[in-house]
Amino acid sequence: MKKLFQLLFMVTPTIALAQQTNSVEMADGLFASGKIYVVVASLAIVLLGLFAYLIYLDKKFSK
Amino acid sequence: MVSWWKILCIACLTFALIGGFLLPVPALPILHESIRNLYYHVPMWFTMMFLMSVSLYHSIKFLSSNQIRHDLWADLSARISMVFGTLGLLTGMLWARHTWTAWWVNDTKLNGSAITMLAYLAYFVLRNSMDEPQKRARISAVYNVFAYVFMLVFIMVLPRLNDSLHPGNGGNPGFVSYDLDNTMRMVFYPAVLGFILLSWWILRLRIAMSDHKTPTE
Numbered sequence: 001m002k003k004l005f006q007l008l009f010m011v012t013p014t015i016a017l018a019q020q021t022n023s024v025e026m027a028d029g030l031f032a033s034g035k036i037y038v039v040v041a042s043l044a045i046v047l048l049g050l051f052a053y054l055i056y057l058d059k060k061f062s063k
Numbered sequence: 001m002v003s004w005w006k007i008l009c010i011a012c013l014t015f016a017l018i019g020g021f022l023l024p025v026p027a028l029p030i031l032h033e034s035i036r037n038l039y040y041h042v043p044m045w046f047t048m049m050f051l052m053s054v055s056l057y058h059s060i061k062f063l064s065s066n067q068i069r070h071d072l073w074a075d076l077s078a079r080i081s082m083v084f085g086t087l088g089l090l091t092g093m094l095w096a097r098h099t100w101t102a103w104w105v106n107d108t109k110l111n112g113s114a115i116t117m118l119a120y121l122a123y124f125v126l127r128n129s130m131d132e133p134q135k136r137a138r139i140s141a142v143y144n145v146f147a148y149v150f151m152l153v154f155i156m157v158l159p160r161l162n163d164s165l166h167p168g169n170g171g172n173p174g175f176v177s178y179d180l181d182n183t184m185r186m187v188f189y190p191a192v193l194g195f196i197l198l199s200w201w202i203l204r205l206r207i208a209m210s211d212h213k214t215p216t217e
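Protein chains in written order, with this note's numbering: chain D, 1 to 63; chain X, 1 to 217.
A hint or two may mislead.
Short derived list, chain X residues pointing at chain D, Cβ under 10 Å [to be verified]:
{"hint": "1", "residue": "Lys6"}
{"hint": "2", "residue": "Arg204"}
{"hint": "3", "residue": "Ala208"}
List of simulated lysine-lysine pairs, DSBU-like, C-alpha gap at most 35 Å [stated by the list, open to error]:
{"hint": "4", "chain 1": "D", "residue 1": "Lys60", "chain 2": "X", "residue 2": "Lys213"}
{"hint": "5", "chain 1": "X", "residue 1": "Lys213", "chain 2": "X", "residue 2": "Lys61"}
{"hint": "6", "chain 1": "D", "residue 1": "Lys2", "chain 2": "X", "residue 2": "Lys135"}
{"hint": "7", "chain 1": "D", "residue 1": "Lys3", "chain 2": "X", "residue 2": "Lys61"}
{"hint": "8", "chain 1": "X", "residue 1": "Lys213", "chain 2": "D", "residue 2": "Lys59"}
{"hint": "9", "chain 1": "X", "residue 1": "Lys135", "chain 2": "X", "residue 2": "Lys61"}
{"hint": "10", "chain 1": "X", "residue 1": "Lys135", "chain 2": "D", "residue 2": "Lys35"}
{"hint": "11", "chain 1": "D", "residue 1": "Lys60", "chain 2": "X", "residue 2": "Lys61"}
Source of the hints: derived by calculation from the structure; they are not laboratory data.
Backbone N, C-alpha and C define an ideal beta-carbon position, used for all residues, glycine too.
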């Protein structure tokens, strides 16, 4: 019983230390500065431009 | 011509773009923000497979009915599937360069997807080798069935049997079903639907353009 408690006392701090620190870098800077909206806006312009072209072709070739 | 599914397509893809960049994603090591590529890279392959299925369907319909119209559909849907396959390869290579530091690795799924593309390119080579429409349609339809089976084996079966770096294979968490974060699912599913609808729109347009040039019955 005593040996069991000794074992537990030794193992517990190790388990406490064996956690991963949550510090994966993400693009927080782009979000904070608002630059992400510039990215989204430019890509939205590209996408909607392509859709406009698609709709133009659609009108031209479908009855 | 305004259709509900065309509007849905535009809505889904606009949401996939805006939500794809602005909505939060899990902060995972190695991937960082590139995890967002999931919304664009994976749908390319799903769309390619969808179009290959359409092509297969029309090849089989031609073989049973001999109506040349099905051959047109089989050919054009296969051609557009190549566009999406190429985009899948390019987006994948970009992602690989960023996360695995190599544009390409000797991996079952990567090699399998490249071989699948080659198998379908061979379909076009085969078609071009024949002038007579009925013969061309029949022989290429038979080949199309084999090419589809190759695709299933190289993309779906073999990667599951071998070790792999690619997400979803070799014991890596896949970004689908139970491995996928709920916020990501919210963008991912509309993205898949949007790109599939887009490919259908493009296919129908290509058919209409072909009819405009050379009407078939």
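Is the straight-line distance between the alpha-carbon of Lys2 (chain D) and that of Lys135 (chain X) 35 Å or less? Violated, because 87 Å separates the two Cα atoms, which is more than 35 Å.
Would the pair Lys213 (chain X) and Lys61 (chain X) pass a check requiring their Cα atoms to be no farther apart than 35 Å? Roughly 24 Å between the alpha carbons, so the hint for Lys213 (chain X) and Lys61 (chain X) holds.
Quick one, are Lys60 (chain D) and Lys213 (chain X) close enough, alpha carbons at most 35 Å? 13 Å, holds
For the hint on Arg204 (chain X), does the least C-beta distance to chain D fall short of 10 Å? 8 Å, holds
Going straight from one Cα to the other, do Lys135 (chain X) and Lys35 (chain D) come out at no more than 35 Å? 57 Å, violated
Hey, Lys213 (chain X) versus Lys59 (chain D), does the alpha-carbon distance stay inside 35 Å? Holds - the C-alpha atoms of Lys59 (chain D) and Lys213 (chain X) are around 16 Å apart, at most 35 Å.
Between Lys3 (chain D) and Lys61 (chain X), does the CA-CA distance stay at or below 35 Å? 76 Å, violated
Holds or violated: Lys135 (chain X) with Lys61 (chain X), Cα cutoff 35 Å? 15 Å, holds
Quick check on the hint: Ala208 (chain X) CB to chain D CB, less than 10 Å? 4 Å, holds
Classify the hint on Lys6 (chain X) as holds or violated, based on whether any CB of chain D lies nearer than 10 Å to its CB. 8 Å, holds
Would the hint linking Lys60 (chain D) and Lys61 (chain X) be met if the CA-CA limit is 35 Å? Distance ~29 Å between Lys60 (chain D) and Lys61 (chain X) Cα, so the pair holds.
Checked against the numbered hints given earlier, the structure breaks hints 6, 7, 10 and satisfies all the rest.
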